[in-house]
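The numbering of the sequence shown is the working numbering, which starts it at -1 and goes up by one.
Worth flagging that the hints you see were computed from the coordinates, not collected in a lab.
Just so it is clear, CB atoms sit at the ideal spot from N, CA and C, and this is done for glycine as well.
Any given hint might turn out to be false.
[Said to hold, decoys possible] Listed next, the in silico SDA-like pairs over lysine to any residue satisfying Cα-Cα at most 25 Å (straight line): (1) Lys106 <-> Asp91; (2) Lys258 <-> Phe223; (3) Lys106 <-> Pro75; (4) Lys134 <-> Phe26; (5) Lys46 <-> Asp177; (6) Lys137 <-> Leu96; (7) Lys134 <-> Lys106; (8) Lys332 <-> Asp301; (9) Lys241 <-> Asn229; (10) Lys162 <-> Phe223; (11) Lys199 <-> Leu349.
[To be verified] So the derived label-pair ranges between C-beta atoms look like this: (12) Lys333 <-> Asp177: 31 to 37 Å; (13) Asp91 <-> Ser165: 28 to 34 Å; (14) Gly169 <-> Glu33: 19 to 25 Å; (15) Lys337 <-> Ser296: 18 to 24 Å; (16) Pro65 <-> His190: 38 to 44 Å.
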Amino acid sequence: MDRIQRLQKELEKTDTDYVIIGTTSNMFYLVGFSEEQMERPLLLFVTKDDYFMLVPKLYEEQLKQLPLIVYRDGEDPYSKLNLKENSNILIDDTTFSLFTIEILNRFKPRRLGKASVILRKLRQVKDDEEIEKMEKGVKKAEELLLEFVPDIKENMTECEIERKLKSFLIGEAGYISFDPIVTSGPNSSMPHLRCSDKKVKGGEVIVIDYGIKYEGYSTDTTRVFSLGRPNDTLALEIVEIVKSANEEAEKHVREGMRAKEIDDIARKVITDKGYGVYFIHRTGHGIGIDVHEDPYISPGNDDVIEQNMVFTIEPGIYLPGKFGIRIEDEVVVKKGYGKVLNTLQKELYIL
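Work out the full structure: start from the sequences and follow the hints.
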């Protein structure tokens, strides 16, 4: 349990008595177990020198390789815990509040904080096994996209394409990292519009933002398509600007620089071309088990870029009422420099 041991070292540094983890991505990271949150408490407790899980009886056989405290339906699970009062506790940020309230009322901690203050530092620097999974995931995701896009036809609705893409990805990869974004024409100027009943027309920009899960790790890629050559020649110009911003930021990624410096590089390319006001989001985000993790490649973020960090570079330009363009890759920091995991072309795909 190397990751547990690394966490325990952080507990010593921060004078934390307990970290309590729910069935979130943090639990998968620490012990390799994934489950939906439910009304029964299923919690991982980590102390400076020990760890155990509080689990319902129905998980006992499934998790028998881990140290367990087991309770049956009808029993009070919290009565089986022996947490000392007046302690310093960190609780998983997205654990259900009903568990947090019970911990507060039962054990009256002196200090209560978010587990992310420690876990974000551990998780944002990947090990070699994690990076290998992510590289394979990106390769698989790209192959699937190229296999799918020839099925996009004029007069299909955005949501029809989105549903077909989602079904295809789940069928081929097993899991997706988020519901795909498929927008076209004027709708593509709204970066997080999932889809609509609008029909895709020839000559319109089509933005596809999608990802799969590969052995528990997320991918996240965006590319731009068109059925035939774009009717608006400005779209080709904007694609080139966004591509330049993407590539300029990627080639300058270095260990030791600040996250905000990467954002500045991409933003300057777009601003210098007169479209800075239309770049309306951060340049990127960390990625791993969750599709959005630290470090965030955003203005003002002073986080230092370290070896084995993985994050996206995804500049965009969004012209309301016309179209939007975004090009997104994943980048890993290796041997002091950024290595782009994606191999898909960044130019507009004409279908």
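Under the constraints set out in the numbered hints, which ones does this structure not fulfil? 2, 5, 6, 7
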